[in-house]
Amino acid sequence: MNISAREKNTWIEFTITAVVSLYYFYSSYRLSGWTQIVSYDMGVLVWNVIVLSVVASIILFVLFSLENPEQKDERDLAIESRGNALGYYSLTLLCCILIGTIMLSEGILSIGETATLTAQASSINSAVAMHFLMAALMISALFKQATQLFFYRRG
Amino acid sequence: MAKNKIENKIRQLRFDNGQMTQSDLASKVKVTRQTILSLEAGRYSPSLELAFRIARTFQVPLEEVFQYPSN
Numbered sequence: 001m002n003i004s005a006r007e008k009n010t011w012i013e014f015t016i017t018a019v020v021s022l023y024y025f026y027s028s029y030r031l032s033g034w035t036q037i038v039s040y041d042m043g044v045l046v047w048n049v050i051v052l053s054v055v056a057s058i059i060l061f062v063l064f065s066l067e068n069p070e071q072k073d074e075r076d077l078a079i080e081s082r083g084n085a086l087g088y089y090s091l092t093l094l095c096c097i098l099i100g101t102i103m104l105s106e107g108i109l110s111i112g113e114t115a116t117l118t119a120q121a122s123s124i125n126s127a128v129a130m131h132f133l134m135a136a137l138m139i140s141a142l143f144k145q146a147t148q149l150f151f152y153r154r155g
Numbered sequence: 001m002a003k004n005k006i007e008n009k010i011r012q013l014r015f016d017n018g019q020m021t022q023s024d025l026a027s028k029v030k031v032t033r034q035t036i037l038s039l040e041a042g043r044y045s046p047s048l049e050l051a052f053r054i055a056r057t058f059q060v061p062l063e064e065v066f067q068y069p070s071n
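If you read the protein sequences in the order shown, they are chains A and B.
Residue numbering for the first sequence follows our numbering, beginning at 1 and increasing consecutively.
Residue numbering for the second sequence follows our numbering, beginning at 1 and increasing consecutively.
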């Protein structure tokens with residue numbers, strides 16, 4: 001397979017992001033479901049996610065990037081900027097979906113009614129919002145890396 | 001990168017210049033071999049600077065390497 005060092009690095013980043021995302025969501029669901037957060041368990045989980053990311057990065061980069069990394073050229077930068085743009089659009093879209101869902105669930109957009117946004121009354125609690133934002137971050141990162149891989153493979 | 005309208009004779013010029021490999025050309029114009037491969041396949045349009053560097057490497061005018069057909 002004809003693959004540059006940059007593309008190889010992108011594959012590694014994509015794999016790490018996918019594995020860490022799966023680990024985070026599987027573990028957080030097993031801990032307490034997605035509607036509540038137990039602070040101590042969540043702290044341990046976040047710590048594990050950080051350690052897993054660092055260890056996985058070191059192992060994969062050592063295994064697959066032994067040769068000298070090439071300098072980024074203009075095509076690498078063009079592909080990187082396309083990936084960044086798509087990652088940014090997906091992050092923006094997911095954040096807008098979260099804001100819209102909160103506003104709709106609170107009836108803020110209803111005309112002629114009075115609605116108050118409070119932490120206690122919200123049907124989307126802070127735990128769900130936090131997990132949704134984590135998902136948005138991870139999905140946008142995956143989108144970015146998948147876009148870059150698409151353009152690298154396309155030529 | 002979508003197939004673009006800019007055509008080039010890089011492959012032919014490489015062979016006319018002592019069967020220069022893609023890697024040799026890539027190192028002379030300071031890009032990766034994959035970029036040369038994409039250029040030859042017509043999937044990537046180079047920047048003006050890279051286009052001039054390629055033309056200078058082959059010691060030919062720019063329009064001899066890159067063409068932009070009118071239709």
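Treat the hints with caution; some may be incorrect.
Said to hold, decoys possible - Ranges between beta-carbon positions, derived for each pair: (1) B:Q19 with A:A85: 33 to 43 Å; (2) B:D24 with A:L31: 34 to 44 Å; (3) A:F61 with B:T21: 39 to 49 Å; (4) B:F15 with A:A85: 29 to 39 Å; (5) B:K9 with A:Y88: 34 to 44 Å; (6) B:N17 with A:V62: 48 to 58 Å; (7) B:L62 with A:A135: 44 to 54 Å; (8) A:A135 with B:E63: 46 to 56 Å; (9) A:I50 with B:P69: 49 to 59 Å; (10) B:A41 with A:N125: 37 to 47 Å.
Note that these hints are calculated values from the structure, not bench results.
Positions of the beta carbon are idealized from the N, C-alpha and C atoms, including for glycine.
Checklist entry - Among the hints numbered above, which are violated by the structure, and what are their numbers in rising order? => result 2, 3, 6, 10
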